[in-house]
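J.: Here's the letter readout for the chains.
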Amino acid sequence: MYFSFIRTLFGKIDMKIINEKLNYLKELVFESDNTACFIEREKFLNNLDTSVYNVESLNYHANILAGMLDNVSVPVDENDIFVGRVVEGVLDSFEGVPNRTLKSNGHMSPEYARLWQKGYKGILADIKKNAEQRSDEKSMVFYENARIVVEAIRRYSKRYADAARSKGLTRAADALERVPYEPAYDLYSALQGAWIVHLIASCYVGARDYAFGRLDQSLYPYYLKELANGTTKEEIEDILAGFFIKTNEICGRTSWNYKRKPILCNSSKQYVNIGGENPNELSFAILAAAKKVNMAQPQIVVLLDSGANEKFTDATFEALTVLTDKMNVYSYTSVKSFLLEKGLSEEIASDFTYSACCTFDLNHRNIREEYFLPSVQTFCNVIYEKDFDNINEIVEAYFDALRENLLEHLDLVQQKVSFTKNRKAFVLDALLIGDCTEKCRYPLNGGLTYHVYNVFFSGIATVADSLAAIDKLVFEEKRFTYREFIDIVKSNYQGNDDVLAFVTSLPKYGNDLSVDKYAAMVGEAFVSMVNSISLPKGKYAIPGFYSLDKDNRWAKDIPATPDGRLWGDPFSENQSPTYGADRNGITSLINSVSRLPLEKTATGGFNLTFSGAVKPEILKALVTTFFEKGGLHVGITVLSRRELEDAMKTPDKYKSLTVRLYGFSEYFINMPEWQQRAILNRTAY
Amino acid sequence: MGKVFNIQKFCTSDGPGIRTTVFLKGCPLRCVWCHNPESHSFSDELSYNSDNCISCGRCVMSCPNQCHKIINGGHVFDRNACRSCFRCIQPACKALKRYGYEISADEIIQDAMKDEAFYRNSGGGITLSGGEPFAQPEFCVEILKKAKENGLHTCIETCGHISTDILAQSLDFVDLYLFDYKETDPVKHTEYTGVDNTLILENLRYINSVGKQIILRCPLIPTFNDTKEHFEGIADIANKYANIIKVEIEPYHDFGCNKYEQLGKAINEQIKSIGVSEKTNIEGVLAYIQDKTSKPVIIA
Ligand code: SF4
Ligand code: SF4
Ligand code: SF4
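Each protein sequence line maps, in turn, to chains A and B. According to the numbering used here, the residues represented by the first sequence are 1 to 685, in order. According to the numbering used here, the residues represented by the second sequence are 686 to 985, in order.
Just so you know, not all the hints are guaranteed correct.
[To be verified] Just so you have them, the derived chain B footprint on chain A, three or more residues with Cβ under 8 Å:
id : segment
1  : 493 to 504
2  : 585 to 591
3  : 615 to 629
[Unchecked claim] Quick list of the computed label-pair ranges, beta carbon to beta carbon:
id : chain 1 : residue 1 : chain 2 : residue 2 : range
4  : A       : GLU234    : B       : SER789    : 36 to 46 Å
5  : A       : SER528    : B       : ILE739    : 37 to 47 Å
6  : A       : GLU396    : B       : ILE930    : 50 to 60 Å
7  : A       : PHE30     : B       : SER958    : 36 to 46 Å
8  : A       : LEU28     : B       : ASP939    : 36 to 46 Å
9  : B       : ILE739    : A       : PHE475    : 48 to 58 Å
10 : B       : ILE739    : A       : ASP92     : 51 to 61 Å
11 : A       : GLU20     : B       : ARG890    : 25 to 35 Å
12 : A       : TYR371    : B       : ILE739    : 36 to 46 Å
13 : B       : GLN975    : A       : ARG583    : 46 to 56 Å
14 : A       : PHE30     : B       : GLN693    : 33 to 43 Å
The set of hints was computed from the structure by calculation and includes no laboratory data. Please read all numbers here as calculations on a predicted model, not as lab measurements. For every residue, glycine included, the Cβ atom is placed at its ideal position computed from N, Cα and C.
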């Protein structure tokens, strides 16, 4: 074994060697080419032999994946702590790259605990039994697909075992002789098996945002076993660090919407959830390993229970000061009670996870869809078109329009599913998601008991501040009639600089002032609208305040708003005030945001920006107070203006500089300039 | 009612935890390095920052004394005729700003209580600063008293140049005194601050004698008080008074320099030439003082 090899050489594990390996592997990530694709995949899919791969075949997609896995090489770097890499390369033409013949939707948390316990072998046996019992055609096709895929993964792993052995990586080789086909036998083999599956799902099938679920819970039995076998805690942290670094190797460093790396898992975020009601020693080890790696991936999500042991809470905030934007903290307490209120059982309501875009999953039980309501556009349509006598009337008309839009969208979602499309997307995923293997059905085709639709409201501050301006100028002070004021706004404040100056200077959401009541009002209307929508059993529409990049991307088509925002200017991000509008200190900001009915949401994010290092105990006080007041999520960025400006001028010096964007961490130098400027314009505390 | 020029939330260096700091207007001293020149006068003041002026001309018509003019498309401000009526401050103008407003102790407490949960979770509270908060004695004690009635932890930052009677009235309502210690040598003290330090030292002795906790706050001003004698003086005082729980060294920063100009005030030429305190070996100073006292000495 690799570790015992070092141990025999030096008497004990040589930390220096581990750290050197980690540094070397880190450097490899930074040196990788962001314009390169997974070249073997692309070549294989672009030259599909139609006499072998018949599109009419019910096993079409499974066969393609199997053929591809048999075909691609199995590169190993002699410094690899875990093996499993993809060959990258640049093509003459990138037209049609990445190829989508095979692809998944990703955005899910596969049930690795099941894989570790049963191995694919056991899972396949279950499917066989279930399919034979059902004995309908769909079930038999499902089984046949599963068999093809599982056997292909088994062959691929075996080839990897040989490659690892030839480079002297005995531990990896031993593991891959068995996993993921057979059950995991220790911590290392569990993670090595999971990595092979993650790699295939993200890079060969292809999709973003596969998450690792509640790793401190699922992996805990193997952790205990490891300790019982005499592995030290430090050695375990090193194994975890070796695993974490892998998550940086596959997704590139570009932003998902800018200079995209031509791969389907481009800029995928890799989430590891820990905490909840029972943080354990492994939760601490995961924090320690993440600090050791300290790269953009994985994103550590801490589910913070209000009754969590103090030591874990302290460790969380200590880690947050180091990991900053690479970490998310959610209020476990708030989300759990929200889910119980939705009628979910105690068991399921306790077992949720967070991953990309601040969206939640019932861990491995569901897949999710996201929908961004066109909230600011609709607001403009409503206030521009009709005349109103008071704020309540506006809010009512506004949410009638949004409800209609949402219902239309949900209807579309329900209709778009087909068995064939599903088989393509989930030929691999179905083995570890929901009840697919029991029901012998693909996730969107009856394999899931639960389905989550995240419904997002973006631009809450823009809408709220606009209502405040209308209320003051039109209804309270009667400086203008409704139509006069709206016409001024509509004209982009042309020739009305005084009005523009006046509305701009009005108190804004984010300063703990009475004007926050408008945000509270819009927030309440939004959550009750979403929560009142009835969907078939097992399907949930979950409200959240979240913008992703819509605040900028949609902005150019959105006309001026009554808060003084001009045509094309960005609107407000996530749960935050308009950039720069919060001027009354971070506690005031938190008080304002707490006015939103966050306890009636389960998705969405809130980013805090600091201009310098913050003490862990201060962060702890801020976040626990926010959660006490109903807050849902906090992510932080620590940025120094000088550093960011310098990074814009000399990017090469700042390869590893990350900042928090929307719900995740991005490499600053790989962001478009407008986004870099937007980051610089944030109010930093 | 009293006069303040700022209430700042989320202060983390004016006492323990997360705090709200209330800056009272008016100060009996004129420290040459003071970075809060807007705190000196007991009256409201107009500040004009030409960097933020966009020469929109909206202030011109509203001034009864023609202090604002647009000449060749650029805004020109003549402070001489200004009578501080503040009519010229326009919505969304980022150049003109008024320092100072009347507020009651109740309003201050009401505002501060909005952050009560943050204080509770961080061991924080409310801090009175200035200016010299004790220079508005009744107001200052009233705020402290009401803060205590509301269960808040209280700190007061004082230069110490105040009547001992007033200090005595505050004892029941202050948990921690942040006491400035600016210069050991009495002659230099007068030169730098305008007053000698006899009363200050007497008040420090007094607070210690009645058993109240004190943090000694020492501004470190290059070319002024960065002398061995003063560092030794700091250590001596810290050793002498049992209730000094900590010494905080406050390195000089030049954030205040522009404010002098914006308020139409003269700045000390020697201060202007300091720039940033990187020139002093702060770590060295820290080690020097730490060596001479067992009390914790930190950089604030
Ligand atoms: S001081 Fe203000 S109002 Fe006057 S010209 Fe300058 S920006 Fe305009
Ligand atoms: S404060 Fe009054 S007198 Fe002074 S410049 Fe403004 S408007 Fe004129
Ligand atoms: S005592 Fe404080 S506020 Fe007063 S002049 Fe000195 S430094 Fe400024």
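J.: Determine which of the earlier numbered hints do not hold for this structure and return their numbers in increasing order.
T.: Violated: hints 4, 9, 11 and 13.
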